[in-house]
Each structure stands twice: as C-alpha cells, then as structure tokens.
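Visitor: Based on the sequences and whatever the hints tell you, model everything.
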Amino acid sequence: MLKPARVILATLLLALGAAFAQTNISIALYPDLDSHLNAVLEQFHAENPDIIVEVRILEHGDHHTALVTNLATGSGAADVVAIDVGFIARFVADGGLVDLNSEPYNAGQYQDIFAEYAWLQASTTDGRLVAMPTDLGPGVMYYRRDRFEQVDANVEDVIADWDSFLEFGRAVTRDTDGDGQIDVYLIADAGDVARAMFRANIAPGDGVFFGADGTPLVTNERFVEAFRVAKAIRDDGLDARIGAWSNEWYEAFKRGTVAVQLSGAWLLGHLQNWMAPETAGLWGASNLPNGIYGSWGGSFYGIPEQSANKDAAWRLIEFLTTNPDIQLAAFDRIGAFPAVTSTYGAPLFDEELAFLDGQQARLLFSEVANNIEGRATHPGDNVAEEIVNSALSQVLDEGRDIEEALAEAQQLIARRTR
Amino acid sequence: MTTSTREANAKAEAVTAVKPDRKFRWYRWQRRFAPYIFVSPFFILFAVFGLFPTLFSIYLSFQAWNPVQGLGSMEWVGIENYQFLLTDPWFWKSLRNTIWLALASGIPQHLLAIPLAFVLVSVVHRSLRHPLTAAYFLPYITSTVAVAIVFNTIFGTQFGVLNWAINGLAEWPLTSWMFSGIRDQMPINWLGRAPYIKPAIAILVSWKYFGFNVVLYSAGLATIPRDYYEAAMMDGATALQRFRHITLPLLRPMMFFAITLTIIGNLQLFDEPFILTNRTGGPSESGLTLAMYLYRTGFEWLDMGTAAAMSWVLFLVIGTSTILHFFISGRRGLERRE
Amino acid sequence: MVKARKNGPGLRPASWLSFLLLLALALLTVFPLYWMFVLATHTRETIFTAPPPFMFGTALERNYEGLLATLPFWRNVWNSVYVASLATITTLFFCSLAGFGFALYEFRGRNVLFGFLIASLTFPQLLNIIPYYLIIDFLGWLDTPRALWFPGMASAFGIFLMRQYIASTISRDLVDAARMDGATEFRIYWSVALPLVRPALATLALLTFIGQWNNFLGPLVILRSRETYTLPLALRSLQGLINTDWGVVILGTALAVVPLLILFFFASRQVIEGLTAGAVKG
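The listed protein sequences derive, respectively, from chains V, G and P. Following the numbering used here, the numbering of the first sequence begins with 1 at its first residue and continues without gaps. Following the numbering used here, the numbering of the second sequence begins with 419 at its first residue and continues without gaps. Following the numbering used here, the numbering of the third sequence begins with 757 at its first residue and continues without gaps.
Please keep in mind that the hints were generated in silico from the structure rather than gathered at the bench. Treat the hints with care, since some could be wrong.
[As the list claims (entries may be wrong)] Computed footprint of chain V on chain G; a stretch qualifies when at least three of its residues, placed anywhere within it, have a C-beta under 8 Å from a C-beta of chain V:
{"id": "1", "stretch": "570 to 576"}
{"id": "2", "stretch": "604 to 613"}
{"id": "3", "stretch": "689 to 702"}
{"id": "4", "stretch": "711 to 725"}
[Claimed, not checked] Derived CB-CB ranges, DEER-like:
{"id": "5", "chain 1": "V", "residue 1": "V151", "chain 2": "P", "residue 2": "P828", "range": "47 to 55 Å"}
{"id": "6", "chain 1": "P", "residue 1": "R928", "chain 2": "G", "residue 2": "R443", "range": "23 to 31 Å"}
{"id": "7", "chain 1": "P", "residue 1": "M936", "chain 2": "G", "residue 2": "T641", "range": "34 to 42 Å"}
{"id": "8", "chain 1": "G", "residue 1": "G737", "chain 2": "P", "residue 2": "Y838", "range": "33 to 41 Å"}
{"id": "9", "chain 1": "P", "residue 1": "A806", "chain 2": "V", "residue 2": "W274", "range": "16 to 24 Å"}
{"id": "10", "chain 1": "P", "residue 1": "F787", "chain 2": "G", "residue 2": "G654", "range": "38 to 46 Å"}
{"id": "11", "chain 1": "V", "residue 1": "G180", "chain 2": "P", "residue 2": "W772", "range": "19 to 27 Å"}
{"id": "12", "chain 1": "G", "residue 1": "L504", "chain 2": "P", "residue 2": "L784", "range": "41 to 49 Å"}
{"id": "13", "chain 1": "G", "residue 1": "T656", "chain 2": "P", "residue 2": "R954", "range": "41 to 49 Å"}
{"id": "14", "chain 1": "P", "residue 1": "P828", "chain 2": "V", "residue 2": "L41", "range": "14 to 22 Å"}
{"id": "15", "chain 1": "G", "residue 1": "T656", "chain 2": "P", "residue 2": "L776", "range": "16 to 24 Å"}
{"id": "16", "chain 1": "P", "residue 1": "A806", "chain 2": "V", "residue 2": "E54", "range": "43 to 51 Å"}
{"id": "17", "chain 1": "P", "residue 1": "P828", "chain 2": "G", "residue 2": "K441", "range": "32 to 40 Å"}
Note that beta-carbon positions come from the ideal geometry of N, C-alpha and C, so glycine has one too.
Guide: Dropping the structure here:
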C-alpha cells in the first residue's frame, strides 16, 4: 500500500479502536443538579476521555416516579441516578441499586470524609451502601433583619426557646400601614415549625416516624409537642397560611411579609437567584429555635443493578461526590451544600454573603451539618410523611384534636407499611 | 331470507358454478368466514388487553405485591386488601369526594344544558345555532391538562381572574347584593384551602362538559315533533307549560342517556383534580378522587394488590350508581327509545 | 289562527334577550381559552399582578425560546401527532370492518357477540389501568408509543357507531349485487361500503384523534422519558418545576391546544352533527 493510504488506514483503525473503547453512560437528574453537571462535564471528560455522558432530566416528582417503576420493571433506568433524601429510604429497603461497599467500588474507603448522618441514610442495617451522598440540607432559620429591628428583637433571644419565639411572633405580626389588614407575619406556614420540631430530638436508634423495631411512633411526645406549638402559632394568627412554592409565597419573600422561614441552607440560592433578588442585604441566617438541629433535603447518586456500565458509572459518581473541588463548585453554582465535610475549611466558607448583609453564613451551615445526628431510615418514610402532613393540616386548618389526628395517622401508617 | 335475496343467491351460485374449482372454494370459504374475520380484531384485542388483564387484576386483588421484587414475590392475602380498604379513612374520604364532585359538577351541567338546548333549538335563528353550539362545545375538545393549568392561574388567590371578577361584581351596584356575604372570605384561596378545592374542580369539570350535553339535548329536542307544540299552543298553553308537559317528558330518553354518561365519567374523574392539586390531592386530601387514590396506591406506593382491589370497588360503585339511576328513571327512558 | 313559525315551539318577544344571554354565555365559555392565549404572551411578572392583564403582551418570543430550552417540545408534538394519527387510521379500519361485519351479515353467534361488545362499553376505563400497565410491561412495550395506540385499535364505541351507521345506510341488496359480480367480501367492504359511510368515518376519525391527543392517564402510566412524552405529559412536567416560568408553561398549553382548535374550526359541523346522529340512533 502507498504510504499516505497506510497513514489514513492507521488513523481510521485508531479512531475505530477509540470508538470501541468509549463507553456511553447516562445520568438521570432533576433540576437543579443538571446545571452543575453540565458545567463540570468537560472536566470529567478531560479526566475520563473514554466516557461519554448523556444527561436526562425530569422534574423532581416525575424523576422519582420513573425511577421507582424503572427499578420495578428492571429496565429503562439510567446508569447513574440522582435520589432525593425523601426517597432514599425506600430504595435502601426495596433494592434495585448496587451495593457500593462491595467490590470493585469499595466506597467504604471514603466513609470518613462524608457527613456521618448522610452516609447512614444511604446505608442498610446489614452494611450495604446503596448510594453516595452528594449534598446536604442543613436546617437554618432565615430571617428578615429589618422586621426584627422594627420590634427591637434580638435574634439570639428569639431563638432561645419556643416560648420566646412565639412571643416574638406576637410582637411582629401586625398591621404596619393601618389599612386593617395584617402586613407582617411571623412565618408563612405554622406547619413548617411542626415539621422542624418533629424531625429533631430523636431518640437514638429511632427514625423520624418509625422506631427501631419498625413500628410507627407518631403518637409520641415529640409529635404532640410539635403539633401543639404549630397550633399555638396558628391560633394566634401568627402565620400567613401560604403554601410553599406558590406565587403568594414568592411574593411574601419579595415584600417581607414573613419575618422568618425555616428551611435548608439551599433556600439561599433560590432566594438570591430568582425568588427575591431585590431583597439582598435584608436577610440573615441563624440556627433553628430551641437549639434543634435538623436537615431539610439532600441528594445522593446511585447505580441501578440493571446498568450495563457500572464501572464507568462509578467513575462519574466518584468524580461528583468525592472530589472536593467539584463539591465546592456545586456549592458555588447551585447552592448544594457539600456532603464532604473536609471541604468545610475552604476559603469559600469564609465568604461574606452580600445577600445576608455580609454574614459568613456558610460557617453556620457547616456547624449545623456537623451537629446533625444520624438516624435510622425506614422504607415507609415518605408515605408516613404524607400521612403526618395530612394530619397536621387537619389539626391546623380544621381544628381537629391533636391526639385524635395523630392516632389516626398512626393507624394509617401501620397499615400502609405492613 | 327474502325472495329477492334467494334469487340473488341462486344467480350467484349459478354464476360461480362456472368458476374453476380452487378459486370457487376460496370464494365460498371467504364468503362464509368473512364476518368472523371482520369482527375478530376487536375480540382478540379485547381478550389480550381487556379480558385477560381484568381477570388477572381480580386475582391480583387477593395478593400483596410490590412489583420491584418481581413476579414471584406475590403473597396471597385473601380478602385482606378489601378489608383494609373498608377501614381506610382515606378511601372513604376519596369516595365521598368523588361522589360530591360527581353531583356538584354533574347537576349544573344538565340543569344548564337542557334549557340552553331548548332556547337554541326553538328561539335562536337557525344560522346562529351552529356557531353558538360550537362555542359551548369548544371546552370539550381541549386537553384537560392544558386547561387545568390555565385554570390554575384563574383560581389564583391574589392574582387570579376569578377572584378579581368576584371582587368587581361585589362592588358593582347591580350585583353586589348577591355577593355581600363573600366579602369576608375574600380573597378566596381556591386551590389552597380544603372547603374551596372541590368547588374549584367542579367549576372546571362543568365548564368542560356542559357543551357536550348541550349537543346531546339539542339532538334529543330535534326529535320532538312540532305538531305537539302547535297543538298545545292552540290549546293556549304557555311556553313554560309546553316545556314542562311536552319537552321534558319526551326528552327523558336523552336525559337518561346523557346522565348515565355523566355518572360513569364523573365517578372516574382523574385529570382535573390531578392537575389542579398538582398531584397532591389538595389540602388534607379534600381534592382526592377515587381514581387519584387508585393511581397513588398503585403507581406511587406500588401497592398493586390494594390498587387492584380498589379498582373493583370502584367498579362496584359505578355499577351500583348506574343501576340505581336505571331504576329511578330508566325504565321509562328505555321504553321510549324503541 | 296560529302563525306557523319556522323554529319549533316559538317564544317571540324574549328571543332577542335570549340571544344576548346565550352570546354572553358563549363568551364566558370561550374566555379561558382567550385567557390562555393572552397569558402565553406574558411573563411571570406581568401574569401575577392585580388586576390581571387582559391584553396581549410582548413576551411571546421569549416564552417560545424558554419552552424549547426546557422541553424537547416539537418532539413531544410529533409524538402526539404520531400516536393520534396511528390510532385514528387503525381505528377507522378495524371499526368500520367490524361494523360492516355486524351490520350486514347474519352469522351464528352474531347477537351474542354484539351483546358482548355493548356490555364491554359499560366497563369503566379506570378498572383497567393497573392490568393495562401490567400487560404492557409484560410485553416489554413500556415507554413506547405503540402501547398507546395498539390496544384501542378496535374500540367498542367505534364499532358500535359504524355498525349503526352502516346498518341504516347500506342495503343488503347492494351487497348482494356486488357479490353477483364476483367480488370478495373484503372487496365489497372496501370498494362498496366504505365510500358510502364517509360521514361516519369522518366523525369517528375526529373523535378518535381528539381523544388520543388529549389522553393523559394512559401516557402518564406508560411513558417514562421526556423524548417519548406526549403533549399532556410534557405540559404537566413543566407544572412541577418549582421555578415555574408560567409564561412558558402557558405558551406550551396554548400550542398544544391550537392544532385541535384548527381542526375543530374546519370540522365542527362534522363533529357535532356526527355526535348528534350517533346519539339519536344509539
């Protein structure tokens, strides 16, 4: 053969060879994880030139419904799947995801760099790890500084305990412009307080809704107290009765109609990016009242058993979860609080956040993340959550008796998770 | 067979007797079996996609089954699923919701459609009849999801058109007397408060289907002979009397048909509540219909056995309602049809 | 002497008032659709203001770009078109064929089979949703368009409609005459009967197309990935996003409704008259 022809042939063969050596994997995400992934994909490909990643996005609810049925039918799932903390327990129990502690992944080698409670959430009682944590939702209280100043309130005093919190509520909920309608409320939804309360102070060994033995425990003191405080807030008219993620809710933030909001740290990203950017500088962040530490949200990445490209999938997961730079990049871009605790010393954390009037809030977030206690998960967790929320709504909206509502919820949960 | 057909057949046989043997046999064969072949697709498809799965779901309703663990993980539980349903507060709640919605959206549909059809057929000039009917029918051809999303904005608490309109009407001197009570409730949180979510769904459903009933009733009215009316007018009957004594009785067959359709359709309401409550079923499950609860049980909680049991209970409810309806108004309705 | 009136029982002086009321009701009925088109040209900021905007805005292009950025929108449109068209074509064929068979033949078991057909009409669709999912899964047809149009190809309602129409339009003599000319049964169906039942075919085609285009529960249960979503599913997935760009969502709904509106504009008489005829005969 002539020389040029040989060169061409060789190049073709090389290209073919490279093509054959390439693996195509898919990753299934919900927003806003995709913005982060698309930004770091180039770097991943530079480090792993033989892996091509296809990104599939579905809205949060659809994503999990599809995942559930894909695992159920054994086909159709992507190679890497994102899982929200609300659903993780179910996959821990139901199966369908690869045990990442096993060979050749040996995720156990990374255990120490992650926040303990997140690691536990994705672990089964017999030592399998079904997914790697990627971000957390440390629970904080965002508050409007101006609303606090107007009634001469000091944040530290207010969050001392629930009584002072309610007292502050009574002071701040009022009609500021004399038109007969209340313009400022303590909080958007009294239910948020209940939810924060019953997710904290959990006895060791228990889960949020289920005891160590697997029976539901929603009639215990923790829930009764949570419901009681929320009811007190509602009865005193201190909450605006606005549903989360509704247009009125967004308006409330824009206008400062609510003085505080209990949420995960990630709310900051939403607030400053699109919900209420014009209110920059008027907010602050603090611990939750009464010294409770709680977690709101968090995401994991897992590999479905049905995947044909598990090794490549694992490389992507390692990249996204164990690489401190990538974790910090996610934090910066989409407000995803890193699950890797060793990143908490990074300069990024010392940054003064303009939206919060220069507060070094990230240090607060990391303090909270380090103090959240691990707790057991149960596959019936998200069903139990729905039922308890329904009971809460009946107590707050329809004045149902707390003990009665919780007793019924207990019954329902027991049946549903038999 | 009639004589002419017999002759025709004889002629055909005579003609075909001349044909070559194989072709003749094929011809005879296809003549004999054609009807069976023609109607078979329905029965085959029905057997595969209708009958067999339905029988399987009866079997399934006596099992506890989570599909994630594969077909083999089915566990026989007897009538436990049914027992569970009968003692499940959410099941009863969704049943109550469904019935309430069926009535609240069904009755206005028909109450509005009958007089409307009457006026359309008898009063309005012919050339206007079709454009008006088409306008009323328009909601029926739209996608439920699309309109439910739009209605989501219409039902908005602070910025929704409906509340804006109610506010306006409450101020307007002509209509304020009707809305005087509403003042304290404003702004109504249609989609966020338990007492209002069901009326919101009912409004959407009525809007969507009343035009369909207008068409049905117009058709029914057109079959009433004019002589009846003319005779009544000669006897001095007023319009109202004519309506009550001629129109309504003769419209019974069509009413029976239309109401049956509404019952069967409304008891299976899914799309509208699903979209308006954003798949949650509304505050404290007040917008949860049986169909939604079935979907949630089967596809969100993967409790297939209970879901199958629920579909059979739903079937019972629909069947009972239809039979009840038949007994109340049906016999006469069916008679007149013939 | 009573004056003979052109229209039925006759209500004289009230007719102008009635017409105005009817017109008002028609406008009220159409308002949500008008509202849909208005909002499609606005952004979230202007949609959620008091008083709401009643006139068209300027954000159409921006919303369109947002729509394409969020969804494979035209792919979804194509999916809807594909499923609805295939459903219509197959339904027309199989239903007219079966209706022909039931109407013009006397064969053993005919009445029993037809009775069975009618009985199946009374089964609520919801009863079948779990089994439907299971059988589709068993066949491996999950997340395919085929699962949507294939099972309903020979719908009982369509067969019923066609049978009624054929029975009242085509006489046995016509069929016999064709037989005498040596035509096969299928040929008779195809060349003799079909052309004569065009109006019923048109009605059935329209109703089937509209029904499949708007079908929500079926696709919700069967389809899993954005690329195979039909329009109703695609729209709903927009609704779920927390940062819902309402202008974009409403534009999507408007675009989803437009094809049917156009269809209805041209074929409204056919649809309504077909339904009317069907209702009376049935």
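Visitor: Is the gap between the beta carbons of P/A806 and V/E54 within 43 to 51 Å?
Guide: 45 Å, holds
Visitor: Please count how many residues of the stretch 711 to 725 of chain G have a CB within 8 Å of a CB from chain V and say whether that reaches 3.
Guide: That given contact holds, which follows from 5 residues of the stretch 711 to 725 of chain G lying within Cβ reach (below 8 Å) of chain V.
Visitor: Note whether the CB distance of G/L504 and P/L784 lies within 41 to 49 Å or breaks it.
Guide: Distance hint for G/L504, P/L784 holds at roughly 43 Å.
Visitor: Would you say the C-beta atoms of G/T656 and P/R954 sit inside 41 to 49 Å of each other?
Guide: Given about 44 Å between the Cβ atoms, the range holds.
Visitor: Does the Cβ-Cβ separation between V/V151 and P/P828 fall within 47 to 55 Å?
Guide: 51 Å, holds
Visitor: If I claimed the Cβ atoms of P/R928 and G/R443 lie 23 to 31 Å apart, would that claim hold in this structure?
Guide: 24 Å, holds
Visitor: Against chain V, does the stretch 604 to 613 of chain G show at least 3 residues with beta-carbon separation below 8 Å?
Guide: holds (count 4)
Visitor: Are there three or more residues in the stretch 689 to 702 of chain G whose C-beta lies closer than 8 Å to some C-beta of chain V?
Guide: holds (count 3)
Visitor: Has the hinted range 14 to 22 Å been met by the Cβ atoms of P/P828 and V/L41?
Guide: 19 Å, holds
Visitor: That 16 to 24 Å hint for G/T656 and P/L776 (C-beta), does it hold up?
Guide: For G/T656 and P/L776 the Cβ distance comes to about 22 Å; the hint holds.
Visitor: Tell me if the beta carbons of P/F787 and G/G654 are separated by a distance inside 38 to 46 Å.
Guide: 42 Å, holds
Visitor: Given a hinted range of 34 to 42 Å, is it respected by the beta-carbon distance of P/M936 and G/T641?
Guide: 38 Å, holds
Checked against the numbered hints given earlier, this structure breaks hints 11, 17; the rest are met.
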